[in-house]
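Chemist: Please build the complex by placing chain B on the supplied structure of chain A, with the hints as guidance.
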Amino acid sequence: MLEAKNLMVFFENALAINDLSIEVKREEIVGVLGPNSAGKTTLMNTISGLIIDIKIKEERRGGERITVMGELWFEGEEMLHSKPSYRIRKGIALSRERHPIFPDSSVEENLRISTYLRKDPEVQKSFEFVYGIFPPLRELRKRKAGFCSGGEQQMLSVGMALMTRPKLLLLDEPLLGLSPMMQRFLIEAIRRIRKEGIAVLVAEQFARPLLPSLDRGYVIENGMLSFQGTGQELRDNPEVRASFVGV
Amino acid sequence: MAEGEKYRKERLDRGIKARSDTIYVLASSRDLLYLLMPRALPVALLILLPILLHGTYWEKVLFYSCIFGLLALSWDFMNSVGLVSLGQALFFGAGAYFAGALNHYLGWPIFLTIPAGTIGGALICTALLVPVVRLRGVYFSIVTLILPLLFAHLIETLEILGGTHGLLSLSAYPSGWIAIYLAVGALLLALFGFRKILDEDFGMILRGIRDDDRVVMAAGVNIYWYKAQSIFLAAAVGSFAGALMTHYYQFVGRSVLALDYTILPLAAVVLGGPGSFAGAALGSFILVPLSEALRAMGGLRMALYGLILIGALAALPEGIFHYLQRRYHQFERMVKV
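Residue numbers (my numbering), protein chains in the order written: chain A, 153 to 399; chain B, 111 to 447.
Read the hints as simulated data drawn from the structure, not as lab findings. Warning: the hint list may mix true and false statements.
Said to hold, decoys possible - Covered stretches of chain B, going by a simulated chain A footprint (3 or more residues, C-beta under 8 Å):
{"id": "1", "region": "117-124"}
{"id": "2", "region": "424-436"}
Claimed, not checked - For lysine-lysine, the following BS3-like pairs were computed, each having C-alpha atoms within a straight-line distance of at most 30 Å:
{"id": "3", "chain 1": "A", "residue 1": "K209", "chain 2": "A", "residue 2": "K319"}
{"id": "4", "chain 1": "B", "residue 1": "K446", "chain 2": "B", "residue 2": "K127"}
{"id": "5", "chain 1": "B", "residue 1": "K170", "chain 2": "A", "residue 2": "K209"}
{"id": "6", "chain 1": "B", "residue 1": "K446", "chain 2": "A", "residue 2": "K157"}
{"id": "7", "chain 1": "A", "residue 1": "K347", "chain 2": "A", "residue 2": "K271"}
{"id": "8", "chain 1": "A", "residue 1": "K207", "chain 2": "B", "residue 2": "K446"}
{"id": "9", "chain 1": "A", "residue 1": "K209", "chain 2": "A", "residue 2": "K271"}
{"id": "10", "chain 1": "A", "residue 1": "K207", "chain 2": "A", "residue 2": "K319"}
{"id": "11", "chain 1": "B", "residue 1": "K127", "chain 2": "A", "residue 2": "K235"}
{"id": "12", "chain 1": "A", "residue 1": "K207", "chain 2": "A", "residue 2": "K271"}
{"id": "13", "chain 1": "A", "residue 1": "K271", "chain 2": "A", "residue 2": "K294"}
{"id": "14", "chain 1": "A", "residue 1": "K347", "chain 2": "A", "residue 2": "K157"}
{"id": "15", "chain 1": "A", "residue 1": "K294", "chain 2": "A", "residue 2": "K177"}
{"id": "16", "chain 1": "A", "residue 1": "K177", "chain 2": "A", "residue 2": "K207"}
{"id": "17", "chain 1": "A", "residue 1": "K319", "chain 2": "A", "residue 2": "K347"}
{"id": "18", "chain 1": "A", "residue 1": "K177", "chain 2": "B", "residue 2": "K116"}
{"id": "19", "chain 1": "A", "residue 1": "K242", "chain 2": "A", "residue 2": "K209"}
{"id": "20", "chain 1": "A", "residue 1": "K271", "chain 2": "A", "residue 2": "K319"}
{"id": "21", "chain 1": "A", "residue 1": "K207", "chain 2": "A", "residue 2": "K294"}
{"id": "22", "chain 1": "B", "residue 1": "K116", "chain 2": "A", "residue 2": "K207"}
{"id": "23", "chain 1": "A", "residue 1": "K235", "chain 2": "B", "residue 2": "K119"}
{"id": "24", "chain 1": "A", "residue 1": "K177", "chain 2": "B", "residue 2": "K170"}
{"id": "25", "chain 1": "B", "residue 1": "K116", "chain 2": "A", "residue 2": "K157"}
{"id": "26", "chain 1": "A", "residue 1": "K242", "chain 2": "B", "residue 2": "K116"}
{"id": "27", "chain 1": "A", "residue 1": "K235", "chain 2": "A", "residue 2": "K157"}
{"id": "28", "chain 1": "A", "residue 1": "K207", "chain 2": "B", "residue 2": "K127"}
{"id": "29", "chain 1": "A", "residue 1": "K319", "chain 2": "A", "residue 2": "K235"}
{"id": "30", "chain 1": "A", "residue 1": "K177", "chain 2": "A", "residue 2": "K235"}
{"id": "31", "chain 1": "A", "residue 1": "K209", "chain 2": "A", "residue 2": "K277"}
{"id": "32", "chain 1": "B", "residue 1": "K446", "chain 2": "A", "residue 2": "K209"}
{"id": "33", "chain 1": "B", "residue 1": "K170", "chain 2": "A", "residue 2": "K235"}
{"id": "34", "chain 1": "B", "residue 1": "K119", "chain 2": "A", "residue 2": "K209"}
{"id": "35", "chain 1": "A", "residue 1": "K209", "chain 2": "A", "residue 2": "K235"}
{"id": "36", "chain 1": "B", "residue 1": "K446", "chain 2": "B", "residue 2": "K119"}
{"id": "37", "chain 1": "A", "residue 1": "K207", "chain 2": "B", "residue 2": "K119"}
{"id": "38", "chain 1": "B", "residue 1": "K127", "chain 2": "A", "residue 2": "K157"}
Ideal Cβ positions, reconstructed from N, Cα and C, are used throughout, including at glycine.
Here chain A stands alone, though its shape is the one from the complex (with noise of 0.2 Å):
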């Protein structure tokens, strides 16, 4: 589904990716895992297109200059220099770090906003996914985002993209600063949204919770990859143990 090649990204001279290759199969969970710094955000904004949007002010700003090259394949389509929005229309959607919402805009506004690109009619059917997946929203939906605590925005973050009914879902660090129980509450809701058919690839540095539910994962360090295979085998690898699951 998702096939990105000899991905190489440069912040000035400056290397965070490192020809990295990794896969996403339909149906799939996905990891990326790795320590601060790894590269795991630049890898999440290059998959999204995010990260020509940034290259673009950069450049106006006469700040870094960004350079990526490889090769992102998505759906039989090479899509490493097209737009966000255009990726966004083909399937991926990303919700990014640090779960930023519209602080002053309901939650259910909030995802409104979200279906925003889209022209078909069953936008209220996406609403009825996203509160199956998340019921607490439902309860919330008048609420202003900006009142909701971290693990409710952080629901209404991923629920947001989900909204754009994508095929390939992309979480950054979506349990970063959660408790343990809302933790385990967004893993159960990454296993609900694969058994609707999405696939997902999530990016997190705290991996213990995360790790029994990965079908495959990378682990990458410095933007280089440096263990990959399935979930069986990365619980079981004794590295990986020591750095992410800390037993």
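Modeler: Here is chain B on its own, set in the frame of chain A:
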């Protein structure tokens, strides 16, 4: 890479820059020149220009450039504390009226009115703005925008300080040289002084306030006191420009509180590049002569001026100075990935 033929542009610091930045050992006179040139050249040029342009119309333009340069520096300084001001005309007007009134009503000589105007104007402006330093962002800007307009109307309706006629026939400079070298000297002093201040510990707090004032507050620093101090410094520079200009014109009227003295310095900073002070000065030395050179265009002058400004901003949003600085310190080349 599979193809093996991919190139990307690489940007590197020049060796000489890396050497002089970190090691502090100057290997040759070339290194010394590399460091000194960007500072010494503009200084030498500014000192020489009044002599070269003496007696011509462009001498006046140079004087205006310095005046607007001072206002632009004062704006840039406030901006580096996170105070976005839209009221440089307030500083300018306060200094101009203070000096003008002392000269007109009390007959003080120039060499007292200019320092008095600088300090007095700065004190008045600080007193006016201190109550609103708690406002942040656009709310502070709006207050600074309104104050000069308010005073212009007060002067008009209350017929104080000469009312609509202004204060006429103030004392002139004994010689044109004094005026122009005061302007040039003040510009250089403000330029290097502000740069120095921001490099000190004091400046570190100011920059911290701009980046995140709550963190500075959490560190136990009274940010309002620091904001007031920086307003005083910026206002002193603006008021000095006003006092200087008053005696140059030998007249002070409501026009010193006009929007021009707010907008033009701001445009100069944006064009030159904010945050470095050199950009602010450079911007006004481009904009003021440009606006004079366009006088020949007649009615189209302002339209053309606007177009040039927009064009420059679209092409170099970082500001001319930052672009030049990068070119000076870094070079680019294509490298194989």
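Chemist: To test your reading of the hints: which numbers does this structure violate?
Modeler: 5, 11, 15, 21, 24, 31, 33 and 38
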